[in-house]
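Visitor: Here are the chains, one letter per residue:
2 protein chains.
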Amino acid sequence: MSKLDELKTIVGEIVDLGHSRALLEWDAQVNMARGGAEDRGNLIGTLVGIMVEKITSEKTARALEEAEAEVAGLDDDNDDVRIVRSVRREFDRLTKVPGDWMANFARLTSVAQNAWEVAKEKSDFAHFKPHLSEIVNKRREYAGFFAPFDHVYDPLLDEFEPGMKTVDVKNIFAKLRPEQVAVVKEIASRPQVDNAFLLKDYDGQKQWDFGVDVITHFGFDWNRGRQDKSVHPFTTSFGLDDVRITTKIEKNWPAAAMFGSMHECGHALFEQGISPKFRRTPVMANISMAVHESQSRMMENLVGRSLSFWKFFYPKLQSLFPENLANVSLEQFYRGVNKVEPSLIRIEADEATYNLHIMLRLELEIALMEGSQDVETLPEAWNAKVQEYLGITPPNDAEGVLQDVHWSNGYFGYFPTYALGNLLSAMWWEKIERDIPDLHNQFEHGKFDGLLTWLRANIHQYGGKYTSQELSQRITGGPIDPMPYVRYLKTKFGAIYGF
Amino acid sequence: MSKLDELKTIVGEIVDLGHSRALLEWDAQVNMARGGAEDRGNLIGTLVGIMVEKITSEKTARALEEAEAEVAGLDDDNDDVRIVRSVRREFDRLTKVPGDWMANFARLTSVAQNAWEVAKEKSDFAHFKPHLSEIVNKRREYAGFFAPFDHVYDPLLDEFEPGMKTVDVKNIFAKLRPEQVAVVKEIASRPQVDNAFLLKDYDGQKQWDFGVDVITHFGFDWNRGRQDKSVHPFTTSFGLDDVRITTKIEKNWPAAAMFGSMHECGHALFEQGISPKFRRTPVMANISMAVHESQSRMMENLVGRSLSFWKFFYPKLQSLFPENLANVSLEQFYRGVNKVEPSLIRIEADEATYNLHIMLRLELEIALMEGSQDVETLPEAWNAKVQEYLGITPPNDAEGVLQDVHWSNGYFGYFPTYALGNLLSAMWWEKIERDIPDLHNQFEHGKFDGLLTWLRANIHQYGGKYTSQELSQRITGGPIDPMPYVRYLKTKFGAIYGF
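One line per chain: the protein sequences are A and B, in this order. Residues in the first sequence are numbered consecutively from 22, following the numbering used here. Residues in the second sequence are numbered consecutively from 22, following the numbering used here.
Since the hints were made in silico from the structure, they are not lab data. Keep in mind that this is a model prediction, so the values were computed, not measured. Check before you lean on any hint, since a few could be wrong.
Identical copies look the same in the list; a pair holds intra-copy or inter-copy alike.
[As the list claims (entries may be wrong)] Derived DSBU-like pairs: lysine-lysine, alpha-carbon spacing no greater than 30 Å straight-line:
hint	residue 1	residue 2
1	K250	K511
2	K29	K269
3	K143	K269
4	K143	K159
5	K117	K80
6	K75	K29
7	K272	K250
8	K332	K196
9	K227	K29
10	K452	K269
11	K117	K75
12	K24	K75
13	K191	K513
14	K272	K227
15	K29	K80
16	K468	K269
Isolated chain A, as found in the complex:
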């Protein structure tokens, strides 16, 4: 057995443990009765403990070094080189941070999450403040384990977006910000579109059936996955051939399940499309979150909120819900599902305003890490930015600084991947529209396999082999660029709002 194969054997077990853990977590969201929580915590804790023990073991360290020697000199694009590099990244991340620190941080965020829940419910920032202060301190400490670095935020960003640098994100967003603010202002000055027909009673089973119909057309492989219901929709996988999504049905807001299913299906198509040669390697697990999000946002927005998509699917939807839609034209419906309105809550934001929610979070996160923003005055800083970017002010902290769970989990560095995903989706889209000239004609006839074939060939098959910047270079010939997204917004909403 080669040294590389030895490493692959070790890593294969670790990937298996990760997938087993994923099932424990999926089941806790989808099936488990509440009484099982304590037991479930023990099971997950044990698997995580064994994973960390195995990754950071002497045996792994030795196998890793030997495999690195074995692949040294191979082409940088070689799959084995990338597999070994991916293991190195995990190994370093877990050995640089002391085990005690990890355990303490896990306890801290576990308590903080409960405090955040209470604080959000009562809209009482003071209740969450001491926990957040401690988390910020700890996160700065965490960055210190990876010194030297260019920026204190780099190690945090890198945890969620491999290889990404703070300076790059700052530059991308600096270019995006004025453009996107301008688009939103332009839209705000025009007459608003009507989407009252979406606020009616839509039968839950029919919503489910429609979602299944759509994602089946998208190419979701039901032989290698399934869809369930959960409070917070998500995608997970327990291997290359078992990819699961969840959706949430809201009786009086069919957009939730409809676009939610498309969004998660985008994630799932990616996971189902990874090449079998990466089975049981970290390349299938450690995927750029921005690239992942580019797939979900693409299916939800660039496909799912396009006119050509609805030319095919609207008659189907209309016949499912004649009581609500018989008198709503395709044009009215298309405009309704694309209504833009500055709003307070990120997860409810439309395509035109979404990135602004991310930018303000990113700016606050960086300032907190740099020490130029304190936790004490965070709510005021938040509200000021919402006013600046969206022209509205949160009436309370529950709808402001307390709305997201991420910080209570210690997830600093996560938010920007959402916006980067949007930008990437538009970059891919410009290329796709060039490569498949009759793309929209295909959509109008319910055909999405041309798109899927393109995504498989250019993105999905690689899993986490490439960073987001590498993939950008491969597909578009340049680094991540916000302008395609800006052009997309201007073209689409210019047509809808008439500017």
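Please build the complex by placing chain B on the supplied structure of chain A, with the hints as guidance.
Guide: For chain B alone, coordinates are given in the frame of chain A:
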């Protein structure tokens, strides 16, 4: 930390791994799309490998020895003594059998199971024969690892029924056989009862609802478990507070889901009733299968096929299915669900004939292990015994020697636990009826908490602390005795069939 606590920490992780594996298997039966099979096999293989590695490690060996020294001299009934003993049993079982042998046997049975499926489908014993021969040889080899023993079948029996000896099982069955054959002959000589009303169209959702109603009355804790559908009904648990059952709905045979749910609920009540002090110890995992089966058979038969049970539930069932039951009296219904008829298939057998199916399997298993029966002539030997005990002859091997999956899995020693469970259920029942004089009156009013309280106090709380013989001694003052079951059959079926 005491040595005992050290052992408990080690063992706690192993129990957690076992419960994680149980979830992987539950999910494979209940949820997983077929495409996920290969990935799932990898995940289970990895967890099992880690479990075996952990149980048989030097670290466990040392902790076990030290803990044994620490509890030496404590009362034999002490919980810690029993926990340590339970670990010793697993440790010995897994260290006495070489790892290579285990891996080979796993491969052998994996192939054999596929061969059995094909053989059963084609009713072609020859196709399965070479695999079964090899399994029998391997099982004899397995017994050899535990030499010296009183009987070659002892180590196999012990794997499924801790502490049970072949000589005891033989004696019990020798006493039972003539009595049970006599009861069946007596019934066969009487006019048959009618159950044609069960062979009609019963709505699936209503069947499900009725089953849920029944097991809720039995005391199934929905906050600590759930019920799903699967092809083969079973019970599993992922901890003390997450116990799951499955059921199977057959449109034209409501008895399947009805009594199936009660059966699995009996298993689940046991698991949900184990004392929290045994959380994450092998005492909650390694339970006598006979005692476990005594609980499922009790809820299915002694409760679920009793007249007092149906006095309460039959009006409910009648109002759910008036189209089938409006003209069927309680008395007719009760007799119908207790129809006795010699049949070929074990899993479809009634209370009076079930044990006879087990006896013939036990006799053949022992003969195969002793070498007095060869695999070559097994079908003829099978058919002769079916004729002897049940008065009928299988028309083909699919309905004869090929009907059960157990042998292809290598499960020799498993079958007798089913029959022992029946015997134990009747032993407990005589005691329960003495301890709760108005038991049947409680059932007639839909009250089952008196029964559950008794079961919790006398059986459930202990989990696997006691062997079946120990529990028999504690509850009835004597060893396992078939006569209570014989008395039960005579009384019940004497009334129904008039003898």
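Visitor: Which hint numbers does the structure go against, in order from smallest to largest?
Guide: 1, 2, 8, 9, 10
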